[in-house]
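With the hints as extra help, turn the sequences into a complete structure.
Just so you know, the sequences run in chain order A and B. First residue of the first sequence? That's 476 in the numbering used here, and the numbers climb one at a time after it. First residue of the second sequence? That's 16 in the numbering used here, and the numbers climb one at a time after it.
Please note that the accuracy of each hint is not assured.
[Claimed, not checked] One side only, chain A facing chain B, incomplete, derived with CB under 8 Å:
hint	residue
1	P521
2	A524
3	F525
4	P526
5	V543
6	T570
7	T619
8	T665
9	D666
10	F754
11	R755
[Claimed, not checked] Okay, the calculated bits of chain A under chain B, using three or more residues with CB under 8 Å as the criterion:
hint	segment
12	527 to 533
13	544 to 553
Worth flagging that the hints you see were computed from the coordinates, not collected in a lab. C-beta atoms are modelled at their ideal positions from N, C-alpha and C, and glycine is treated no differently.
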Amino acid sequence: MNGKALSRWILPSLLATALAPAMGQQQTPAVKPARAVASVTPEDVPAWAFPGPVLYSVPGTTRRITEVVQFDRTRAIDWFPDEHPSMPDAVKGRTPVYGCSFCHLPTGGGRAGNGSLAGLSANYIREQVANMKSGVRAYDSRFTTGVNMVLVANLSADADIDAAANYYAGLPYRKLIRVVEAARIPRVSTDSVYLFDRSGATEPLGERIIEGPDDAERFRQRDPNITYTAYVPVGSIARGAALARGTQQRPACDTCHGPGLKGSEIAPPLAGRYATGVFRQLYDFRTGLRNGPQAELMKPVVAGLSQQDMIALAAYATSLDP
Amino acid sequence: MQPMWRWIPLLATIAVTAAAAQGTAGPSQPEVPAWAFPPPQTSSVPGSAHRFSDTAIFDRTRPVDWFPDDHPPAPDAVKGRAQLFACGYCHSPDGGGRPENTALAGLSEPYIVRLLADMKSGARAYDPHFTTGVNMVLVAQLSSDPDVRAAAAYFAGLTYRKRLSVVEARDIPRAAANSVYFFDTGGAMEPLGQRIVEGPDDAERFRRRDPHTTYTAYVPPGSVARGAALARGTAGHPACDTCHGTGLRGGPDAPPLAGRFATAQFRQLYDFSRGLRSGVQAAPMTAAVAGLSQSDMIALAAYAASLEP
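Spelled out as structure tokens, the structure:
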């Protein structure tokens, strides 16, 4: 029996205090206090019979949570509560609706598999969620992330959507992604994003954007401070910059998305946002999955674009500073 | 790697979607860039056709049911419902449970109902550091009486299947605590001492909540025989089977013990000795455990766990 286990026995009340948040029980009624029990000396306590769960953490916080809590979609982990304003209920999560911040994180930075919400306009966020409810904005049925988002939209009250939209619109977007042009990349596996093999094995990139966290374990813990890499084909950024300037048939991107693609009143910011996220939007406009008044503006723009063009545009937009 | 068949309906959907969009989006549809929509990682367990993501596996309100054909349809409280952790999450849909909690299959309905009531009233308490027990008390307090009755009837109707081996050993694979013990498979060993160290034989299947996972309880050498002798009783201690029935398979008012998790049994004996269990039925046990050493309790738990249910 180690000293740590003993101290947990000697100071059970301290632990009880620590336990409730650690187990994600903030919203449950107060537990009745444990009754007084027969006194035991620490030597008598068989700590081996009560093995505790493994706890996880991320750099920069003393919080530690179990794997069960880590995957609780209705009560999203908030590793750094001091780094953002207090979240409305919808963002934190409330049964039975998944919290926005489970996927989009309390910072609004998102996780590459979904969109980053920080710094989008409240109107834009509200409109997208409304479009998901009405079916005007749809997703490929195999894209679980999008399918789940539609479910959440349909379960969310308008007041909750308003509160969440205002919350995320008020947060600054912090770019944590770098775009790297490469012909070969670390071998990847998928987990809604790409996880990079660290053993040195590589694979050809081809005509793809492969985007994922630089630290898979911290990604798994939903650490909002991790960095991402988007591997793009060699020459994509320059080609994207050229395409973004537009042609006679196609307006330049910054016509609507603002100088440096930092966003405008009518169109969201694109600069420094996830490359696969940007690509998926272009593709979804192309296939007609995104509709609605604003989408009609994008449809003619993407009509003649090849996938290679969309990759280049996404690579360029992501390479910019927000 | 996803099995290929899994993509067939998905790709078909995309093809249909793309075809439907032809009219609006122009004649040259791009091919589907599957790379832009990486699927979540999913896993399975031997013998199951299902695949689940970690997010699904850790959803306490909707436990994964790897083998729905292994058991009758479960009531809501067992399957889970928003705002309530499901019984089946920890105790498994088949009631087999896990060493950090307890097997419910084959316990009597009144016994389960009574224990839940005791947890609500505080008559059945847990040391605050024992997260499993603390969570169970929360669930008890959040559960309605009809839910408790439905769950009790469900679990009482299931047959308990023993998936536990009791092994006497002086040295055991090095063990790491994770609510149970995970055994090192690299050959590293540690002395057992006066403990029961119980855990899954396959940590990954355990993690995925595979109800077919088998377990080993390592107990000190001689424990099983010593427990058998203690179980016969003495002048001060009635024999265990007086209440727990022949072969400790359960009596009218006392639960079956045969072949159930050894650490769970030890924890009950220990909790009786500390006065943490004080319901109506606890009085005879509180008397029975008085005077038992921890090594006696280990022996009794080892013996009971070694029996066939």
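Status of each hint after checking the structure:
no. : hint       : in the structure
1   : P521       : 6 Å, holds
2   : A524       : 5 Å, holds
3   : F525       : 5 Å, holds
4   : P526       : 3 Å, holds
5   : V543       : 5 Å, holds
6   : T570       : 4 Å, holds
7   : T619       : 6 Å, holds
8   : T665       : 4 Å, holds
9   : D666       : 4 Å, holds
10  : F754       : 5 Å, holds
11  : R755       : 5 Å, holds
12  : 527 to 533 : holds (count 3)
13  : 544 to 553 : holds (count 5)
The structure fails none of the hints (numbered hints given earlier).
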